[in-house]
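Chemist: With chain A held as given, fit chain B with the ligands onto it using these hints.
Going line by line, the protein sequences match chains A and B.
Take the first sequence: its position 99, counted from the start at 1, is 99 in the working numbering, and no numbers get skipped.
Take the second sequence: its position 463, counted from the start at 1, is 463 in the working numbering, and no numbers get skipped.
Watch out, some of these pointers could steer you wrong.
[What the hints assert, rightly or not] Pairs of lysine-lysine, BS3-like flavour, derived with a Cα cap of 27 Å:
no.: 1; chain 1: B; residue 1: LYS142; chain 2: B; residue 2: LYS114
no.: 2; chain 1: B; residue 1: LYS269; chain 2: B; residue 2: LYS311
no.: 3; chain 1: B; residue 1: LYS105; chain 2: B; residue 2: LYS156
no.: 4; chain 1: A; residue 1: LYS347; chain 2: B; residue 2: LYS9
no.: 5; chain 1: B; residue 1: LYS317; chain 2: B; residue 2: LYS329
no.: 6; chain 1: B; residue 1: LYS387; chain 2: A; residue 2: LYS217
no.: 7; chain 1: A; residue 1: LYS242; chain 2: B; residue 2: LYS462
no.: 8; chain 1: A; residue 1: LYS347; chain 2: B; residue 2: LYS153
no.: 9; chain 1: B; residue 1: LYS70; chain 2: A; residue 2: LYS347
no.: 10; chain 1: B; residue 1: LYS142; chain 2: B; residue 2: LYS474
no.: 11; chain 1: B; residue 1: LYS317; chain 2: B; residue 2: LYS30
no.: 12; chain 1: A; residue 1: LYS217; chain 2: B; residue 2: LYS383
[Said to hold, decoys possible] Sample of chain B residues at the chain A side, in silico, Cβ under 7 Å:
no.: 13; residue: ILE304
no.: 14; residue: VAL306
no.: 15; residue: GLY341
no.: 16; residue: ALA345
no.: 17; residue: GLY347
no.: 18; residue: ASP352
no.: 19; residue: ARG363
no.: 20; residue: PRO366
No lab work stands behind these hints: they were computed from the structure.
For every residue, glycine included, the Cβ atom is placed at its ideal position computed from N, Cα and C.
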Amino acid sequence: MNNLKLFKRQTVNELSTFYSFLIGFIIAIFIGSIILLIQDKSPIDTFSLMLRLSVGSINSLSASLNKAIPLILAGLGISIINSVKLWNIGAEGQIFLGAIAVNFIYINTQINSPSIHIFVLLVAGFVGGSLCILIPAITKVVFGVNEIITTLLTNYIVFGVTIFLINGPWKDPKSLNFPAAAYVGEEVFLPTIIGKLSFGFLICILFTILAHYLKNKSVFGFEMRIAGGSAMTAVYAGINAKQKAFIAMLIGGGFAGLAGAIELLSQTHRVSTGISQGFGYTAIIVAAITGMRPLGIFLVGSLFGALSIGGSVIQTIGVSAYIADIIQASTLFGALIIQFFFTYQIKKVEND
Amino acid sequence: MKQYILEAKNISKTFGNVKALENVNFYLRKGKIHGLLGENGAGKSSLMNILSGIYQPEKGSIFINNVKQKSLDPESASELGIGMVHQEFRLIESFSIEDNLTLSKSNIYQNNFKEAYEKYSEIFSLSVKPEKTISQLSVGEKQKIEIMKLIFKDSKIMLLDEPTAVLTPQETDQLRISLGTLSEEDEKTIVLISHKLKEIREFTEKVFVMKNGKMVAEELSTKDVTDDNLIELMMGNIQKSIIDKSNTAGDTKLSIKSLEYVDKVNNFKILDNINLEIKAGEIIGIAGVSGNGQVELANIISGIEVDYSGKILINNKDVSRRGVRSRKKLNLSYIPENRLGVGLAPGVSVLDNSIVRDYFKTRLGPHLSRSKTENYLESLINKFSIKAPNSKAEISTLSGGNMQKLLMGRELISNPEVIIASQPTRGLDVNAVEAIHNLLVEQRDKGSAILMISEDLDELFKLSNRIHVMFEGKIVKSFNIDDADINNVGLAMAGIVE
Ligand SMILES: Nc1ncnc2c1ncn2[C@@H]1O[C@H](COP(=O)(O)OP(=O)(O)OP(=O)(O)O)[C@@H](O)[C@H]1O
Ligand SMILES: [Mg+2]
Numbered sequence: 001m002n003n004l005k006l007f008k009r010q011t012v013n014e015l016s017t018f019y020s021f022l023i024g025f026i027i028a029i030f031i032g033s034i035i036l037l038i039q040d041k042s043p044i045d046t047f048s049l050m051l052r053l054s055v056g057s058i059n060s061l062s063a064s065l066n067k068a069i070p071l072i073l074a075g076l077g078i079s080i081i082n083s084v085k086l087w088n089i090g091a092e093g094q095i096f097l098g099a100i101a102v103n104f105i106y107i108n109t110q111i112n113s114p115s116i117h118i119f120v121l122l123v124a125g126f127v128g129g130s131l132c133i134l135i136p137a138i139t140k141v142v143f144g145v146n147e148i149i150t151t152l153l154t155n156y157i158v159f160g161v162t163i164f165l166i167n168g169p170w171k172d173p174k175s176l177n178f179p180a181a182a183y184v185g186e187e188v189f190l191p192t193i194i195g196k197l198s199f200g201f202l203i204c205i206l207f208t209i210l211a212h213y214l215k216n217k218s219v220f221g222f223e224m225r226i227a228g229g230s231a232m233t234a235v236y237a238g239i240n241a242k243q244k245a246f247i248a249m250l251i252g253g254g255f256a257g258l259a260g261a262i263e264l265l266s267q268t269h270r271v272s273t274g275i276s277q278g279f280g281y282t283a284i285i286v287a288a289i290t291g292m293r294p295l296g297i298f299l300v301g302s303l304f305g306a307l308s309i310g311g312s313v314i315q316t317i318g319v320s321a322y323i324a325d326i327i328q329a330s331t332l333f334g335a336l337i338i339q340f341f342f343t344y345q346i347k348k349v350e351n352d
Numbered sequence: 001m002k003q004y005i006l007e008a009k010n011i012s013k014t015f016g017n018v019k020a021l022e023n024v025n026f027y028l029r030k031g032k033i034h035g036l037l038g039e040n041g042a043g044k045s046s047l048m049n050i051l052s053g054i055y056q057p058e059k060g061s062i063f064i065n066n067v068k069q070k071s072l073d074p075e076s077a078s079e080l081g082i083g084m085v086h087q088e089f090r091l092i093e094s095f096s097i098e099d100n101l102t103l104s105k106s107n108i109y110q111n112n113f114k115e116a117y118e119k120y121s122e123i124f125s126l127s128v129k130p131e132k133t134i135s136q137l138s139v140g141e142k143q144k145i146e147i148m149k150l151i152f153k154d155s156k157i158m159l160l161d162e163p164t165a166v167l168t169p170q171e172t173d174q175l176r177i178s179l180g181t182l183s184e185e186d187e188k189t190i191v192l193i194s195h196k197l198k199e200i201r202e203f204t205e206k207v208f209v210m211k212n213g214k215m216v217a218e219e220l221s222t223k224d225v226t227d228d229n230l231i232e233l234m235m236g237n238i239q240k241s242i243i244d245k246s247n248t249a250g251d252t253k254l255s256i257k258s259l260e261y262v263d264k265v266n267n268f269k270i271l272d273n274i275n276l277e278i279k280a281g282e283i284i285g286i287a288g289v290s291g292n293g294q295v296e297l298a299n300i301i302s303g304i305e306v307d308y309s310g311k312i313l314i315n316n317k318d319v320s321r322r323g324v325r326s327r328k329k330l331n332l333s334y335i336p337e338n339r340l341g342v343g344l345a346p347g348v349s350v351l352d353n354s355i356v357r358d359y360f361k362t363r364l365g366p367h368l369s370r371s372k373t374e375n376y377l378e379s380l381i382n383k384f385s386i387k388a389p390n391s392k393a394e395i396s397t398l399s400g401g402n403m404q405k406l407l408m409g410r411e412l413i414s415n416p417e418v419i420i421a422s423q424p425t426r427g428l429d430v431n432a433v434e435a436i437h438n439l440l441v442e443q444r445d446k447g448s449a450i451l452m453i454s455e456d457l458d459e460l461f462k463l464s465n466r467i468h469v470m471f472e473g474k475i476v477k478s479f480n481i482d483d484a485d486i487n488n489v490g491l492a493m494a495g496i497v498e
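This is chain A alone, in the form it adopts within the complex (with noise of 0.2 Å):
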């Protein structure tokens, strides 16, 4: 009789993140084209009009990429987080908390020149989103509570609390029942630099090179490392555990807090439900994939940005957008699985 075991590999491929993320797309492609199959549509014609409705023009490529800027912010955020060893599953409260900020700074001042006063949002959604982590931080630190909780606490808080502004203090009256706050002025939208694609874009690849930069490059990402790794050791280097992680939590956050910020600048406009389509939550799904690496995040965001567009059009001819769902979930779930096979093996072993 023949048995089947497992056993762990002493050596795993460098590469191993990128074929699995490979392969596991490939899956989730395979998964989808069933899916469409069931319902008796053709694959090849959806996922083709899906890439040209995603990347065939100047005008679909810089919504793909307009749609990147969230998913990539806030899985840089999250990467951040994790070089302590921590999990920030609230990055989706953190850009609600980023927008409302910036709704806040806005009303509340008053700056003549459009670009100090983007400036100055900008800033605010940053500030916002550590924020919206400083609770969350401030008692992993000094009680030691488990950030997966605390963090996806504050996304249903801060959700009520803006479902509160859109409904009372800010609701605009011109709005009339649909609830959201009143329009931000045009003079702080923020520009375009090629078709629709917004400056916001540019900003990303800044904090792509700064997250890398900070992870990987720099002084703080060794200590982070070195308290991630043993907190006994980091006392011993000298190096503070606790604030190490405080401060990555709250860069992190603001990492998520800016993304909230852009989209409210380039995209919305005004602070309503709609500042974000559970980007917090597949920005945990990106950043996973990539095995926490800034620049495989930047490449899996902006596919994973081309993915909701191309769900988002291919509605029009009766498909259902949740196919691009389908497919960024099946991506994880077969990395992960494709993962698992780089890091153990399966046997045959014969029983007599």
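Modeler: Frame of chain A; chain B with the ligands shown alone:
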């Protein structure tokens, strides 16, 4: 054929391009204690991991009770009665002793745990209640529980990977008696890995020697071989140096005045009025059974523990209220006894671990130069002959000895003025011990003031200019090396001073 309970033939195993094992043979006789000797990185742990099914060999066959085993994994090895105690503890810290002992599904004392625990805690002279959680136990007690775990899951072949490395001399002696009882009364077959020839001689009947992944001596009868034979097999060459102590001491580099450290919870003095002075060019040895305040003393001098009273001066500068970093800036190095977990961060690369001491000196503002750190690691690897797969590899893929060399090298390369070395050679082979002793002496001659905490009396006598004996948080006796003799130091370690 019949005589062996376990036979491993022609076992080969490679990791990347390291040949960890090459055509290794290994035989065990039922009810006997076997010694396994070999330098750091010789392949001892790898062989044990293969016998217990954790690693799969590329080549070779394993027979248990003369039955060929097609493939072993941890589960089937355990069913066949093979159990292993690893070099590092594998206990669940937050669980009780009882839970840890009964966790295995092959636990045979399901119904009569109490009696079994009583019986074996007597054999191991262990006097703690089974309800206690592991984290409350001393290192020696943990080691006993690790071994007892094998008995509870009915292991007939017990593979013990350096169990004595963490034990005090007394505990080691106790373990010798316990293992003797197990082999005689329960017919347990035991493998003991150790770097100490004395232990191999006292514990075992048969001895195997490994060198560079090969078995260079099989089944020698322990009583028929000499220490010189064994060392020659292990090393190829013997170099025992007599250290010149005629060095002259310079200015005082480290002084400790009326140091007191209290365990606030139990209102118990862990350190009581410690006064010490170390001059440039001197090695001061601290002798004592572990757990008498040595770890706390080292942590206080290095700045890790801050809640104490008394004064600490480095180069006549009062650093009592200063942190770890400013003490390092005054050029203090600390080699902690806990290598992986304190000195080195697990889960982090060799490269990152290599710069833990000096990164804040070589940094350029916020920038950490990759090429500079790589060069730094390379100079460590060359100067201290460290074997490491590559700079990105995770630190725990290094063998115990190579980890210690990396840690030592990192702490010594910048020529520190004051060195605290805690158990610097624990668990290392004779060659590595010699290398590390030479490094310390070389540092001494360069003018470092060295405080060496050790349980190894040979080491203390060999290197120290003075020996202080610690007992229950006090320095109970001090000896100039010329007036010291092993008996008096040993008595002082037991708290007997006339
Ligand atoms: N999981 C692993 N991955 C890569 N290399 C390994 C691994 N385990 C062991 N090695 C290498 O195999 C060789 C033998 O290591 P092993 O741990 O068996 O030595 P050892 O005799 O137990 O040494 P020590 O006395 O230092 O514990 C070493 O060069 C080590 O670096
Ligand atoms: Mg070993």
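Chemist: What are the numbers of the hints the structure violates, in ascending order?
Modeler: 7, 11 and 14
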